[in-house]
Amino acid sequence: MYPSRFRYEAPHSLEEAFALLREYGDEAKVMAGGQSLLPLMKLRFAAPQLVIDINNIPDLGYHRTDGSQNLRVGALCRHAELERSTLLQETQPTMSAAAPLIADPMVRNRGTLVGSLCHADPQGDWASVVTALGGHVVALGPEGRRTVPMTEFVSGPFQNTLHLGEIAIEAVVPAAKGERKGGYLKLERRVGDFATVGVAVALETSGGLVTTAGIALTGVGSATINAADAAKSLVGRPLTDDSIEQAASLASEAAQPRSDHRGSAAFKRRIVYIFVKRLLDREGAETERAA
Amino acid sequence: MSSLFQEQRDPVGGAVPIRRVSVTVNGERRVADVEPRLLLAHFLRQGLRLTGTHTGCDTTNCGACTVLLDGKPVKSCTVLAVQADGRAVTTVEGLASASELHPLQEGFKDEHGLQCGFCTPGMMLAAKALLDENPNPSEEDVRWALSGNLCRCTGYQNIVKSVLWAAQKLQGLSPQAAENGGSAT
Amino acid sequence: MLIKNDFEVSQPVEKVWQFFDNIPAVASCLPGTEITKELGDDKYEGKVVVRMGPVKLQFDGIATITERDEAAKRIVVQASGAETKGKGQAEMRVAATLARSPAGTKVAVTQDLQLSGAAAQYGRGMIADVSSVLMGEFSATMQDRITRAERGETVDTTSSASPAGGFRFARKAVLLALSRVFRRFFLPYQPNPT
Amino acid sequence: MTALDEIKIGGLGASRKRVEDNRFIRGKGNYTDDIVLPGMLHMEILRSPLAHARIKSIDTSKAWDIPGVHLVLTGEMMATRNLAWMPTLSYDTQAVLATDKVRFQGQEVACVIADDPYVARDGCEAIHVEYEPLPAIVNPTQAVAPDAPIIRDDKTNQADNVIYDWEVGDKEGTDRAFAEADVISKLQLHYPRSHPSPIECCASIADFNRATSKLTVYMTTQAPHIIRAAVAMVAELPEHMIRIVSPDIGGGFGNKVPVYPGYVCSILASILLERPVKWIEDKTGNLISTGFARDVYLTGELALRKDGKVLGVRMHTDADHGAFFSDAQPSKFKIGLMHSTFACYDIPVAHLTARGTYTNKAPGGVAYRCSFRVTEAMFFQERMMQAAANDLGMDQAAFRRMNFVRDDQFPHRTPFGFLLDSGQYAKCLDVGLEAVGYQDFQRQKEEAKARGRLLGIGISTMTEPLGAGNSREYDILGIKMFDSAELRVHMTGKALLRTGAKTQGQGHETTWAQIVAHELGIPAEDVTVEEGDTDTAPFGMGTYASRSTPVAGAAVAMVSRKIRAKARKLAAHLLEVSEEDVEWELGRFYVRSAPDRGVSIQECAMAAYSNMPDGMEPGLEGNAYYDPPNLTWPFACYIVTVEVDPETGVWDVLNVVAVDDCGVRINPMIVEGQIMGGLTEAYAMSNMQFITFDAEGNCVGSNYMDYLLPTAWETPGYELHEVVTPCPHHPIGAKGVGECAAVGGPAAFVNAVMDALRDTGVRNIDMPVLPDRVWEAIQFGRDVSGAPPVKTDE
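Residue numbers (the numbering used here), protein chains in the order written: chain B, 1 to 291; chain W, 292 to 476; chain P, 477 to 670; chain X, 671 to 1464.
Please keep in mind that the hints were generated in silico from the structure rather than gathered at the bench. All clues stand as given, with none of them false.
With a straight-line Cα cutoff of 30 angstroms, these simulated DSS-like cross-link-like pairs (lysine-lysine) come out: (1) X:Lys726 to P:Lys519; (2) X:Lys726 to P:Lys513; (3) W:Lys460 to X:Lys678; (4) X:Lys1150 to X:Lys884.
Chain B with its partners taken away, still in its complex shape (with noise of 0.2 angstroms):
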């Protein structure tokens, strides 16, 4: 498959971007990674009249904890890295669970997190983490800075609530107070395949409560969902069989799958139920060990 003829341009400065935005409106598409957007260029689903590659940006690759302990992700800091990373290792076990679930190692090379983000594939792994971990975006453009919370900024299938000439820049998960627990489970047909379901489960504990919850549900919905009342249900408890009965029911009943050759939505739905009773059960067991 061969795509639409298109211009490119690759600056090296974000100022340059922005111009180039201002002048082009949404005829000009920002590429990061690319993995996402030259498929669909590739299938003539997307020809934009200009590709505006912003890979020769510095300084827009990293990962890294701030001053206030939040990770800042950059526009340009790769699935691969995010990987590979000893700090998620650490410090995010959601996040290090999902990184290396994302397509396949040669994709995980290329594409960046911050894009896939501003993709807003309903099968995307990375929105759901994010919200589960109560992330933001943060977006550059004419009107300057802003954040935008994660629960914000997807707003449909492929849906993103950037304005008009703005760049996401990067993406940030807030400092933890308590103590950092979750994970992500994904039922895929093949490994490297879009999520059937994928779930996230972000917690943050302390004296053996629950204080901070966060779950968001994939590829269940016209757009990734965000479990929160099953979240809240978690809060100010310890991990009980209970409480994750709650909770995953809660999740299952948050999902809105539909049913197709990946399978029904029944099924979806229980599969919904099945991955937070897991996260949530070794979670339980690791706090009552730690007790």
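Since the structure of chain B is already known, use the hints to place chains W, P and X on it.
Chains W, P and X in isolation, oriented as in the chain B frame:
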């Protein structure tokens, strides 16, 4: 790609956007004027006539087009030629030295790691990236590193053996058939 | 894909019924839709532009009123269009039935969308996701227009209809047509003495 | 003077490293897309977005206006050359470019030929086609519904969507057997539509030279000579002016046997433009328009005696052939070799009825790594055998063993009339059970059950007919199924071998030389093997259906023997004794009375050019055409163990044991490579790989995001064992093997999962056995059908 003669298409219907790129391919600097929409895989195949890089699918799944971009394996059907500007690309043609084969090439032959040969260049380059990073991989490491490359002929068992064979050779050990070329995880 | 939406408006059936007489008005409730030409005998030419992130699909086609049952207060519109770059074909059947209800009128809208072609083939469900959002918008917008119109507001459709997905609108003529429709039928309203 | 060591010279039984690898590992293979000809143009195909629709108009004007576009082909233009339709290998017709209607999603509607493929694709996008949609039919039940639209309204006297009703066997006898049965075991299932999907798609470069009026076509074909004949017929060109070259092929698996519209269009385009025209198919085009496989529905019944003896078999199959009946199969039987089913069991009587229907799906049923429906036949057989064992409450291994054809029953005639030559079925089964630790696993299974874990073990045993023909029963468009080899021994004793087969990864360049080494003692490395160029290769029927070794391989042995016979005369002349006094040992003739007086085959070769006896024709070369007396019948036993996660329906393979008896193995390394490849396709089909359709006829599985092939990660490891029963009628005792594992394997995987679910009482889950299907079976205790259309919420 000759500089002596390059016929230009009659530019009816709007000028075609053209960009000059300079890519170091297998250690040699190659300069060309290309359309931005030209995929790296086609730049290598049609442009530079390096046909060892194959294209198997349109959706970034099969990995037959895998090359190393600045040492990292990427699917060259999902990278624009213009994105390789100023970067280094290694293709299967760059694996062997003038005098001898790369141990991976030897390994694939010795362990019958290929049949039709179509996925082989991509497999070997993905494997090279693995061995560069992890000289002594487990069978599981190998299977994980190759999980973005599809092979339709071999059933992978001999491909895994081939890579383990090469790992031993690269470590100066005498490679013998890895007996447990068996199951994943 | 079948999508059903029911909603109530505090208007008499007769008045709401006449709203459905105006196809551009009804059509404009579907995000990204533009009626480009009236072909006569209940036929309309139009287009739907669907935008999702980098993806843009434009369907050009014809909408026909295939059933208009004054007595049963039921109207059926059949629309069919082709993606301009051959990416597929869309067939949509919209049936609206009005029934008297304590609050005024109960509007039952049934939409049946069938998609074929690359759009459906490569979709891995993505088109279905979008369509369901679109059609949800359709009823929501319709209800929004009718109810807000009855409060005498001149309906600014761009804001009301601007869906979650930020789909594109381009239909000045229709907006004018709309406000005319609403003024004519929904102001002011006194309940019939029964 | 000791004889040559056959293994050292790379003869029979040597695991010789492959010679073809030397180019492939360097990226120096020569695939069709690697070939560039002077002045070459590029073709792209516009395909139908709809499964069934009337074409109201096609407007190509905008495409013609694009700079760099040279030609836009439509069905109308093809029709002026009488090329809008072409004959199929099953005596039906197939549209090359649609004129009246499109009959499946992805059907070829127009072609654009341009300076480069990017511009050609721009051209396709600029073509405007107006369609009038028609209802789509996606399964045989819809096809025969009273109100079903007629798909093939182009054909006079086609009043419905039925292609054929066909039967074989003894109906009355079978009915009697069922009347006498203690137990009748019934099973209904669907073998889903699949696709061979080689990583390399189809491709052709047509090069018509007006000056010489010669047409050269470089293309991805498994059967170049058949293509030459077909092109001669379709394009009405003189056969001697057609040269088909099949360069390296990136996998075939049956996909590259038929003639596809893309080939024909590139040929016509080259004739019209008088320039080379290259067509490289994209993956979606390959998956949605070229030869699919399977898509057969089974209703099967076994008549059983209480003690486990199978008294009779009754089967009905419904085959979904798509929009055109273009199965690529050479038998005279409508449903291929479906009636080879149950061949390995000693069954008194059987009856098979088969119906074929048109649907709005891609045409071209191919033998995907099998011999024409043998895969379905063996899958049905082994699923029915397991269900029957369960119905009888018998151990599935014991049940099979007691019904096997015994070693002393060969030659054995099956109730459907096939003649089996040889085998040791019980022995293969025992080797397999031993290897997998059958008894011990049964214990583990019980223990696991106690802890809520589901383990299962599946067995599949089968013999399949490989290596069509004989020519009595098998032909393609009347051309008999034989094969050929031509051997030239140069004066220094080096040799050039050519055959009518065509390797696609099977390693012919390596193994054919080993047969020559075995027959003549010429070291394999001294033999060059050439295939695939119809101007140089002897006529052959090509490579598919595991027929190369049984047929072409036999021809190689036979031509070598002809050469040896002439060499013997030369030896007698050189040794100055009479021919009767000359003895042969590998690579050398010697005088019976004086064994150290001898001449090597190389010396004989030199003499053939320098010192031949008076009256002898110079040179040492010849050819042989081999018409096999019968098919070969390899046997295989595959055993798989799995664990099923009852909560998610996900199942993992614990162990795979394969016991193959393919007779004498020419190159064990290559044979094992073939078996592991086949097992992987079996795993793929049982676990993830299928093409289905929604109610509108949209193809689900049209690309590698949805049509899943297993990766190195989930593909299990394999434990291989062998039993050798030489084929009595093959010159070197070999049988086919390329497909056995792909044919026999799927049932082993599915039987394993069904065994794990045995307590649920569920009889069948259609392939692929996806987690949601397993979950549904466990949750609701019911069979799960995978038949299209895809289930939705409406």
